[in-house]
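Trainee: The primary structure of each chain is shown beneath.
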Amino acid sequence: MTATTPAWERVQLARKPERPHSLDYINALISGFVELHGDRRFGDDPAVVTGIGAFNGRTVMVLGHQKGSNTRENLDRNFGMPGPDGYRKALRIFKHAEKFDFPIICFIDTPGADPGLGSEERGQATAIAENLLALASLRVPSVGVVIGEGGSGGALAISVTDRLLMLENSVYAVASPEACAAILWKDSSAAPEAAEALKLTAQDLLEFEIIDEIVPELEPAHEAMDQTIQRTGDVIERHLAEIEAIASDQGIDNLLEVRYQKYRNIGAWVDKQEEMLGELPTPMTASGNPGS
Amino acid sequence: MTATTPAWERVQLARKPERPHSLDYINALISGFVELHGDRRFGDDPAVVTGIGAFNGRTVMVLGHQKGSNTRENLDRNFGMPGPDGYRKALRIFKHAEKFDFPIICFIDTPGADPGLGSEERGQATAIAENLLALASLRVPSVGVVIGEGGSGGALAISVTDRLLMLENSVYAVASPEACAAILWKDSSAAPEAAEALKLTAQDLLEFEIIDEIVPELEPAHEAMDQTIQRTGDVIERHLAEIEAIASDQGIDNLLEVRYQKYRNIGAWVDKQEEMLGELPTPMTASGNPGS
Amino acid sequence: MPDFFRRKPTFNRENADNDGPVVPDGLWVKCAKCKDLVYSKDFERWFRVCPKCDHHARLTAKQRVEYLLDSGSFEEWDRGIVTSDPLNFSANGDRYSDKLRQTAEKSGQRESLITGKGRIRGYDAVIAATEFGFLGASMGSAFGEKFVRAVEQAIELRLPFISVSNSGGARMHESTFSLMQMAKTTAALSRLGEHKLPHISILTDPCYGGVTASYAMVADIIMAEPGAMIGFAGPRVIEQITRQKLPDGFQTAEFLLEHGMIDKVCRRSELAEALSLLLLHYTDATMGRRQPDYVYVSNGLGEDGS
Amino acid sequence: MPDFFRRKPTFNRENADNDGPVVPDGLWVKCAKCKDLVYSKDFERWFRVCPKCDHHARLTAKQRVEYLLDSGSFEEWDRGIVTSDPLNFSANGDRYSDKLRQTAEKSGQRESLITGKGRIRGYDAVIAATEFGFLGASMGSAFGEKFVRAVEQAIELRLPFISVSNSGGARMHESTFSLMQMAKTTAALSRLGEHKLPHISILTDPCYGGVTASYAMVADIIMAEPGAMIGFAGPRVIEQITRQKLPDGFQTAEFLLEHGMIDKVCRRSELAEALSLLLLHYTDATMGRRQPDYVYVSNGLGEDGS
Ligand SMILES: [Zn+2]
Ligand SMILES: [Zn+2]
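Residue numbers (our numbering), protein chains in the order written: chain V, 1 to 292; chain B, 293 to 584; chain F, 585 to 890; chain R, 891 to 1196.
FYI, nobody ran anything at the bench for these hints, they're computed from the structure. Accuracy of the hints is not assured; some may be wrong.
[Unchecked claim] Only some residues are given here: those of chain R computed to face chain V with a beta carbon under 8 Å: (1) Gly-1083; (2) His-1085; (3) Met-1151; (4) Leu-1168; (5) Leu-1170.
All C-beta atoms in this analysis are idealised placements derived from N, C-alpha and C, irrespective of residue type, glycine included.
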């Protein structure tokens, strides 16, 4: 693949059912993996897999969205769209990792959080928000890898990590190209144009400094599964070793400061205060509170 | 009332619907009370009331089991029997209090935790257990008061406090006299005998050093509501001031150590190791693990 | 620079982005819910709440600040921060940068969030309020930056932080930049919490997507206005995907209260009172000072704040 | 002192407190679930699991320790700790102290919990296992004291803590003393956690009341044997109070897994393997040592431990 591959082609590659999913990475990279289940509150969401195991000789907690490789598996896994129970299972694992000083590895691969009735009733928004809050100050090193689809808040909820990587043919955006096309083009068949406009490729996001590195796919991942997974493992190892070194040499508070600045600094804005001053009306103030 | 009032009479007084319930204490003792709702997971359990307010000039978080004063209210409040959502609401408030260094006051008044199907599905046992764990190491001072019925694990889940007080006509036991009678007497009409045997009165529990003080009821609480509540407030204040002094003079870790020892030392056992030695067969060891 | 701020928006203007009353003439307004006519001055006096059906009409950020804060106490911050269109986004020939200019002209705001410092019944607080008229109060880069600066100021000044939110969802024109504002705003609140300063979140109609799935739902106290629609996915999306009929009252503030997601449904007329009571409790305890001259009611929040 | 320990319990004895097989003769046992006859030596070899229907028969604490730990590795602690009957309890003329003596004679144990140190596939651990034959493994003062001492020893020795539990409910004869053991055992685990030592809880049939509502459900990892009945209130109590028909499979280990309350349903034959794998991960990381000679399977837990 080259850097000029159209965004829409990336989207289709990222969604390929044959593409390796989280459990493929986990089974290949994590020795003695023990899957852990349940949120201890309501259920065990099959769209999120999580557990404990050894990554290159150190104990880690791993988790990921889990899509199926076929329709049947996808129905079982809700197409990799977690409900609040999935995010709360993840939260439990984050806290578990923190308790025992285990680093965390997250595999991101979801069209988005489940938009069902039950998910709303049980606080989908709350569950995602609580994960963002927890990850921001989690006192262990963490690495996230977008291996397929990074869909909106449902992806973000497990990707606020110290280092964020993307497979070459994965995508990450605030909305699906179809949804974006339906809203802004008033025509969901404009998804290819929307995909381009959303700047959702790994290359785009590296340029924006939103991600830290691209894991190259010399061939698309589903055509070279073992090599892709091994290469991904190597890149994870390099980043994990770096942030572990920061944590052990400079202290975990320093790692947290670096993580805070990483997210704090994402955004493209300018301060036009100066040039506005001349042309503004009187600064806005509350002109009266009828209740006081 | 005198110390020789039969236990069964205490049980009946403790259960009187006209007796002041948690909200009566809260409304009288807590200034500017703002009730807070919900467990942020599933629901808002009306059998637990909780909120923030000022107790004698300091901000506190308060919570309690809430019974109704009549059948209709009791149906709304599930007779003061919380489900897991009630315990998780309490847990949220415990953590909230810890975050802001607010002391906690708990009013205990429940026949027990809800034994329904939904409560089991959502982890009643887990919810209670997690509260016990959280309270054991909560880094703020806490006072609990049994104001009516202290029923089993459902009461314990919010009563693992630095100081535990009981109203003179309240009771606290591992099971209701009726349940105990049904099982051990094979006859639930033996409840009065069971009540006696269970040693569930405030006087008993003070002698056992399981509670710290009895709030006297010169008249039964429901016949002298205001005086009883004010007297209860005075006793809470005295204990709260004492443990706040420990926390501020000796540090919160010392208060936690005192709390740990308080519960660690409850139990009536003897070590007969010495006198057994002569008559024992060879010490038990695993004689073979077929699997290894 | 276009002259965004010359045209002072008036309360009674027709506004397509607003579910508020349509004004048949200058004296009367027509409630968007019960369709009754309400005398315009009454409507304003009641904070744009219909006295007949209690419908809480949407407010602009400016109205919100005016209604909530003590008169003249608001000091706005970071008014110059605007997005820089990092994707150079255009959809079907419509450029984001053009849209921003048009929206600013129409709404009288340069971004979908205003921030600043003010007083509520005498209590100092930092406040951030969304502007639904600005691209549906979607969270873009400028929103995120203003929010985080306000939180950082709250830490600096040791003040409580109050957010008043509604939002239609993501700012697609900023794609992943928009998404990452969820992480950015929430991370800032994590720091606020470490400093033991409270965040009180007020949810207003409608509140969806990135805003609810981030800073607005991890507050220490969460209140919502009656009838406000609040959720992660919008009702049309849910119906379309699940092909289920949504139950009555689904995603209303009252529904969220019942499902344990918020602390209180609070009428607009009681909001300042409720907030001041909370600020009293937190200020006393965490900010190391008391305001004993403030007399609060001993039996808590009445049903009628004034 | 009565001679509690002379009569060594044999595996195949009839035992009214046990749901295990009834022995028609010495060679064959009858499965309590499928009623099939199983050759006695096979039954023992399969850890008292029926090879035909997979029914996991209840184990005594002694059997549990024998099955789980490496041969000869168990060192029992605090065998002399017994309750002192603080309430001087008697029900309908039956004295608790008499009951304790009778139970001890029958079960061959002096209390409902045994504790000690042992090895699982080479990994040192502290273990606490309940004895259901002793008053339904109810949690009395002696149980609580032995449990807490074992946790404190685990902290002292920096070892992981494994509990294997079943229980019928509260020890009514000790009333509030029994209740308070829930707080006592859980408080000890809170300390264990502060020392970053893991607690792994194994739930076995039946597991109810105070045990599930305390230490057994706040473990770092929770596993349960297949078909084990686990809950807060017992099914008869629930049916009686709610007058609802309980669904099939209610309160089984599989039901708890589905409802998110446990990490894994683990067959008895795989338990030592599963535990050793977990101990490997925790030991490496938190106990500052590695056991690189232990070869684990790279693709995780197989379906057949050996
Ligand atoms: Zn109206
Ligand atoms: Zn069988």
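Trainee: Hint by hint, which ones does this structure get wrong, listed from lowest number up?
Mentor: Checked against the structure, the only hint that fails is number 2, while the rest are satisfied.
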